[in-house]
Structure formats: C-alpha cells, structure tokens
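Colleague: Protein chains in written order, with numbering that gives the first Met the number 0: chain R, 0 to 348; chain V, 0 to 348; chain H, 0 to 348.
Check before you lean on any hint, since a few could be wrong.
A pair counts as met if it fits within one copy or between any two copies, since identical chains are not told apart.
[Unchecked claim] Here are the simulated PhoX-like pairs of lysine-lysine, each with C-alpha atoms no more than 20 Å apart in a straight line:
#, residue 1, residue 2
1, Lys48, Lys68
2, Lys68, Lys44
3, Lys219, Lys48
4, Lys219, Lys331
5, Lys61, Lys48
6, Lys165, Lys191
7, Lys3, Lys68
8, Lys165, Lys50
9, Lys44, Lys291
It should be emphasised that the hints constitute simulated quantities derived from the structure, not laboratory data.
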Amino acid sequence: MIKKLRELAELVGGTVAGNGEVEISGIGSLEDAGPSELTFMASPKFLGKLKETRAAAVIVSKEIPQVDKPFLIAANPYLAFAKILGFFSDQPFQDRGVDPRAYVSPTAQIGREVNIYPFVWIGDRCSIGDRVVLYPGVYVGEDCSIGDGSVFYPNVSVYSRTKVGKRVVLHSGVVVGSDGFAYVKEGRTNVKIPQVGTVEMGDDVEIGANTTVDRATLGKTIIQRGTKIDNLVQVAHNVVIGEDSVIVAQVGIAGSTRIGSNVTLGGQVGVSDHAEIEDNVMVGAHSGVVGKLAGNAAYTGTPAMPHREFLRVINVFQKLPELNKRLLELEKRFAALEEKNPSKKEEDE
Amino acid sequence: MIKKLRELAELVGGTVAGNGEVEISGIGSLEDAGPSELTFMASPKFLGKLKETRAAAVIVSKEIPQVDKPFLIAANPYLAFAKILGFFSDQPFQDRGVDPRAYVSPTAQIGREVNIYPFVWIGDRCSIGDRVVLYPGVYVGEDCSIGDGSVFYPNVSVYSRTKVGKRVVLHSGVVVGSDGFAYVKEGRTNVKIPQVGTVEMGDDVEIGANTTVDRATLGKTIIQRGTKIDNLVQVAHNVVIGEDSVIVAQVGIAGSTRIGSNVTLGGQVGVSDHAEIEDNVMVGAHSGVVGKLAGNAAYTGTPAMPHREFLRVINVFQKLPELNKRLLELEKRFAALEEKNPSKKEEDE
Amino acid sequence: MIKKLRELAELVGGTVAGNGEVEISGIGSLEDAGPSELTFMASPKFLGKLKETRAAAVIVSKEIPQVDKPFLIAANPYLAFAKILGFFSDQPFQDRGVDPRAYVSPTAQIGREVNIYPFVWIGDRCSIGDRVVLYPGVYVGEDCSIGDGSVFYPNVSVYSRTKVGKRVVLHSGVVVGSDGFAYVKEGRTNVKIPQVGTVEMGDDVEIGANTTVDRATLGKTIIQRGTKIDNLVQVAHNVVIGEDSVIVAQVGIAGSTRIGSNVTLGGQVGVSDHAEIEDNVMVGAHSGVVGKLAGNAAYTGTPAMPHREFLRVINVFQKLPELNKRLLELEKRFAALEEKNPSKKEEDE
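Bound-form chain R, shown alone (with noise of 0.2 Å):
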C-alpha cells in the first residue's frame, strides 16, 4: 500500500510542511525506517537521530529547521505514528469460520465470519459474536457470552459465566474466571468459600499473556471499558476497575479492592484488600498501596505517598549512612560540650 504524505496528514488530522506528494510504503523507527518509509521524532533529545535518519519524511510537533524532510506536524507525533502505523499494518479480516477440530456445544450461538480454530472449546448456551477470532487451545466455560469482533489468543481459559464486550483481546494464557482466593479457619482447616459469582469487563479492555482475573465471591469482578491490563496481572474476586485504566505488568490487585478510572498502575505496584484508588491517579512502580488514594494525584513507595513527598524520603533513606554519621558525630560533640556546661536538670539531679 502507498499512501502519499499529505493523505496521511489527512488522515491523522496534521499539516505538510514541505513536499506533500511523497510517497509513503510503511512507517519505522528514526534508526531502522527505509527511504520510502515516514518516520517519527516523539523528543527533541533525538534530533541527532533524526539528522541520520534515511526516512522520507518524519512526523513532528513542528517545523525543524535544521532538517531538509517534508514534515508531517501533528500535536501529538506519537498518537500520529500510532494511527498510522495501524494504517499501514491492518490485514483484512480472514473468515474462516468454525474448524471441525474444535468442539462447539450444540446450544452455543455463534455469530457470523468467525474464526474458531482447532482444539477450542466452547460450553453449553454460550453466546459468541460476530467476527470473534478464538485461537488454538481456547477454552471457553458454559454461559459465557463473548461481543462482536473480539480475539482471544492461543490457549486462553475463560471459565463459565463470564461476560466479555466488544473489541476486548485476551493474550495467550490469560486465565478469566479462576475462583476467588478466599478460605476461612476452621481451626487450622482452611474451609473454602464457594466462589459463585462472575467475571465482566467491557468494550475494548485488552488484557496482557498470563494474566489472571478471578471471579467474584457473590456479585462480579469487574473491568470496565477501554482499561488495558499488561502481563503476569493478577486480579482477585470482586475488584472493580473503571474506564480507560492501565495496569502495567506483574501489578496484584487484591480482593474487593476499587480501582477508578484514568488510573495507572506501574509495573509490580501491589494494592492490597479493600483498597481504594480514585479516578486520575498515578502510582509508581514496586509501589504498595493500602487504604485510600485521594483522585488527580501521582503516589509512589511502600506504603504508598504523595510522588513529590516520596521523592524526598528516598532521597533521605539514601543517605542513611551519611545521617547516622551526623548524628553520631553530634553526640560525641555534644558529650564534650555538655561536659564543660552541665544542664540545669542534670544539676538538679
């Protein structure tokens, strides 16, 4: 597919600075793009780069005047590079329909210009929509119902009575559905909690390969719209996560735990129980959150702070040893002094 530059701009809703009738094959990186190819400069740091690159044009901020390319300017380079890479790499949709190697229950419903692979299985009365893709090795439990035009990778397992929107994408080895870890005591017994509840997430979610989301004890687990979820997640029974959340890989949410929306999580961030993270919240990575963060705010650390408060508390914990020596050195300066000029109390002593 050819594109010239300026339908591109079009395309993305940005300007030509330049020679808008080149010819554009493909998209790549400053180091890696052909001279065919457009490029992207997402910082000023990589203007060397950019000096170098064979690209035939490059999406930009703005003019740069020490470079001789057609420019394509958008606000956002990086969110242009992203639609137009998805331009250039989209394949037409295959439909190639339900493969007699899988087993489809006889009560499931399946909608039109599917793909259903080999060795997948789907339960009883399920409901499957029209141009869902389910890869090798996917299981899906009875009474699940699964919208229009989603993918599940190779060996995915959704358990029973979940409910998956529109557009979501599972990778490879995402488990939806495992039951809740929740056991009381009975004397030293662990005595399972029987784990009845279920899973449901909306249009868009896209969830990373090996990650887990359990279901709910009673009531549902829940993932709403637009929310991506990276690798090796864990979701436990009856977490909430609102619309347009990222959870960035290794992150643990445990049970009953409200994440709200336009929150992200960095990578290996642990919340613990009944924990409650408002909308447009921040949190670094390895951080450990317990109880409440307040909305519109970055956090990090364990237990979780304000970004800016934590950055001055590590600064300090750094220096540990250099501190311990100040106060040592202090007190040492102190005995001698005190020695000359004995306290009040210490007289009254």
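With chain R held as given, fit chains V and H onto it using these hints.
Modeller: For chains V and H alone, kept in the frame of chain R given last:
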C-alpha cells in the same frame, strides 16, 4: 432448593433466634440478597447495611436488637456463610466419561466416573483416580498419579512423575513439575543441572491460576495436605510447604526453602533460597524474607522483621525528610552554641 | 547404566583418590544417595552430612582425610555433579514423528526426527528444525522458525514471525511474541500502538514456565545465546538481553531496556523502561532498577545502589526508631543546655 432457617442452623451447628420456619432459597451479600435469601454480617461495622438488607434472615455472632429479622447465630458467621454457600452452590457430579477426542495412553489406568474432556493428553503408566475431572487442554505427563476427586481446570500442564493427592484443585494455566532453575557456571556458560526430582502434593491442596511449581533437582518438591496457593505464585525446586498454609498471589519462594504449617504469606512476598519459615508465621504483603523466621509470630518488611518493629521503622521512614531537617537544625544551633562555648577538645587542638 | 569411578572422573576432567574401580550406578544428594551411587559435597559446611552418607564415593574439591571413601576430585564439584547427573539422566531421543491429531499447515517445513504431539498447531510457512519436540497444546503462529533440537513443553504459545535458535527450551505456559504494552492517550482513551515487530532468541536459551516475552513495537525483542530465564518473568517489547545472562523468577523488565551479557537479576527484580544494565552485573532479589548500572558490579535496593552501600543503608534503616530516639534525646538535652547558654543569634532576637 429450599431449606428452613432452622435446618440450615443445624447444618452449621448454629442456633436460631426468631422464626426458624422461614424458608431460604439461597445466600447473598447484605446489598444483594433477595427477600427469600439468607445474608450474613461478618463485622458490626456493617450494621448500617444490615438495617437496609432485603434478606429474609441473617447469620450473626449474636442477636442484634435493632434489627427485626430472624437470626442464625453462629460462633463464626463467616464460616457458617461459607458452609451454607457451599450447600446451595454444590452441583451434582456429572459423569461424562472419557471423550474420544482426548488422548489417553493405553497403559494409563483411569478410575470410575471421570470427566476427561476433549484435547486432554494423558501419558503412559498414569494412574487417574475416581471422579477426577480433567478439563480441555490439560496435559498429564508419564508416570503421574492423581488422587480421587481432583479437578484440573483447562490448560493445566503437569510434567511426568508428579504425584497429586485426593481432591486437589489446579486452576487454569497451573504448571507443575517444570524444571527447577539451576545452572552452574563453566566460565561464562550456564551449564544446566538436570532436574531429575519430582513434585508431590497432599490431599485438599488448591492452586490458583498460572502458578508454577518446579520439580526438584534431586528428591522432591512438596506441598502438604490442605495448603492453598493463590494465582501467579512461584514455588521453586526442592521447596517444602507444610500443611494448611496459605500463600497469596504473586509470592515467590526460591529453591530449597522450607515453609512450615499454618503459615500465611501475603501477596508478592519473596522468600530467598534455603530460607526457613516456621509454623504459624504470618508474613505481610510485599515483604522479602531471608534466613529463618521463628514460629508463631508476624513479620513484615524487606528484610522481614517482627511486624511491630516494622511499624515503628516505617513510621520513622515516612518522616525521614523531617528527621533530616531536625538534624540539620540541631547542627546549626549546635554550631552557634559551640562558637560561644568551645569544647575542651577544640581548646586542646 | 554402570560406570567405574575413574571413567566418570575422565568424563569431567577430574582425578580419583582411592579406589577408582568402584562401580557407580547413579548420583544422589548426601542424604539420599544409595550404596552404589556417587554423591557430592559443594561446601565444607556439609562435612557432618558427608560422614553419614551411604554413597559409594564423593565428588569433592580436595581430599577429606576424616572420610574413608573414594573421592572424585574436581576443581568445581558442583559442575562435575551437573555433568555426571546429565550423563546418568539423559534419555535416548524418541522419534515419534507428527501425530495426525496435530494441525500442521501444508506450507510449513518440518525437519527430520521430530516429535509433534496431538493438539499442536503449526501455522503457514513455519520452519521447524530437526529433532524438535512440540508437546500437546503448543501453538506456533505463521512464519516462525525453530532451530534444531528445540523443545517446547505443553501449552506454549508462540505468536507469528518469532525466530528461535537451536536447542531452545520453552517450559509450559511460556508466551512469546504477544503484543507489547504500548498505548498513547487521545484525551482519556488509550489508543493502541500496533505491535508489528518480532522476537528473536539465540541458541541454548531456556525459558521457565509461564514467562512472557512481548514482541517489539518496531524492530525486535532479543534474547541472546545461552541466556536462562526462570518462571513468571516479564520481558517487555524491544528489550535486548545479552548472552549467558541469568534472570530469576518473577523479574519484570520494562520496554526498550538493555541488559548486558553475563548479568544476573535476582528474583522479583523490576527494571524500568529504557534502562541499561551493563555486562557482568548482579542485581539482588527484590530490587528496583532505574537508569543505568555500570558493569562488573553488584547492586541491590530500590532504587538499586552498589551492594555494599545498600548494606550500610539497610543497617541504619532497621535502626530508624532508635535513630529517632537518639535525635529526640539530643534535642532535649540541647534545649536544656541552650536554656543555660543562649546563643548569639537568640540574644540578638
């Protein structure tokens, strides 16, 4: 299924206050229970919600005069709830037999009333107990034995020579018996130490989705009776975990470590190799354990310390900038004072 | 298989002290080795156990006068143990061919003497080397190439266009080539950046159960020859890991980070995006790495600092309550002293 309140009270060894003849059709949370359902109050702090519940009756630890409902009084309401929920949610066992689309080695022994789903693979000389359920995509390598009533959810992988007790539940994506991570350097090259040991699990063990349990180098990796492990946990080679312990999500236990009985490890805890955690220990979430933790105590932090001590440490940690400021202030004031009162030592110099 | 001790010594380039004619049938730990087996002592601290072993002979680094056994003397006893264990445990390769219950694209090229088990799926235009073993439930997407002698355990998922070297071992549940986690905000909406890059792995890479390796956004995610990765590790898009490195369980490596050769990352370490860890670095378990770590050194902590510095910091950290008390005490004593000796500044006020 309908039961009278007094019948449910008998079932859990509780008593009734109020009308024991009221008919109960299920159990739900304070918010969600319907007018023919039972609910429960685990803590007095939910009294407000209790006053608004539509439930027919309530499990409590003692009568609540402010609320005009029949009560089921139990020493541990949460335990009674778990048992009654189990009573209402248990499904009759369905005997589907061995699906012809599964692969079962001719030398494997299969018990009675099993459910072996399509796309299951069972290796040579395996012994599969009665009423075992193996969901689609389950792999059981050669020479494994699986006790009566065990359930392996979809896409579980169990390597050869694993021994599993009765009523063991492995959730989707669990891997048991993968090679321990053990190499020895020859120059820079990592020479693999063959992992020829096995894994053994006692009765009533339950393991959460995508958790991994490595086989031993020599000997056995052991998880004893009644221990429950959450999702995405790593159990390394030659680890031994005692009975009735509880390992929360994303914990990592390194090689040859021994965990006692009735131990609780909070989410994301890391335990180093060759460590020892004695019986009845609790380790707080996100902690890092090195060496030995004596029994019957709670620990938190990295490195893990007694929990009360940790609270004192973390309290000062959060005030480090202030501490530093106080120290600076003291240094300044001290310098001023010293100027006026030179100490003996300084005089000597 | 029976070998004389002197034959085993030759095998590993060691020497014999005592009777080299003793016949050895296997190898075991100090506790478990039987009377016709060889054992090894990795450290002098196990001398007590050595005195009680029933083993026929012992691998040691030098003769031990207190013990009356034949010795196999090797510069690195643990390495000799690994090699002899491999010698006794290696199984002859069984050539089972391609099972008819597997799906193999007609355009895939399959090498000689392979084992393709039931329920394996191999996509169009794949190239599968000689003696490759693909266990049940393995998925290999379109246009992949897998080098000779590689083994993929059950339920491994390899997305399209992945290239894997020779003798690569992927344990169960490993996912390679899933989409990198990359979105750009358009308002609150997360717009996906298409992940059109690939993953490449060198020869002799081994990857533990349920580990995930994401494909690059553009270009390649690379794991070089001889690197070993443990279970439940996250390797994000565009990461490059050098040769012979060792990545312990539950490590998370964020996007575009570069890890050198012969690096060791301890369990649960997190490495931020665009970080760089140079050759021969060791990072202690549970650490958080940001920015750049210079080569040939050990680091620990969050943020990671030189290991010796970390030990000094953590030593004071554990005494923070005491430190605070000392500071308080000093403040009190100082106030008392100041009362007697007002400083100049205070006099001016």
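Colleague: Each hint should be assessed against the structure and marked as holding or not.
Modeller: Hint check results:
1. Lys48 x Lys68: within (13 Å within a copy, 66 Å between copies)
2. Lys68 x Lys44: Within one copy only: 18 Å inside, 67 Å across.
3. Lys219 x Lys48: Answer is between; shortest inter-copy Cα gap is 19 Å, intra-copy 50 Å.
4. Lys219 x Lys331: This pair counts as neither: shortest intra-copy Cα distance 62 Å, inter-copy 56 Å.
5. Lys61 x Lys48: Intra 17 Å, inter 57 Å, cutoff 20 Å: intra-copy only.
6. Lys165 x Lys191: For Lys165 and Lys191, only the inter-copy Cα distance (16 Å) is at most 20 Å; the intra-copy one is 34 Å.
7. Lys3 x Lys68: within (14 Å within a copy, 74 Å between copies)
8. Lys165 x Lys50: neither (43 Å within a copy, 39 Å between copies)
9. Lys44 x Lys291: Close across copies (18 Å), not inside one copy (38 Å); limit 20 Å.
Of the numbered hints given earlier, the model fails hints 4, 8; all others are met.
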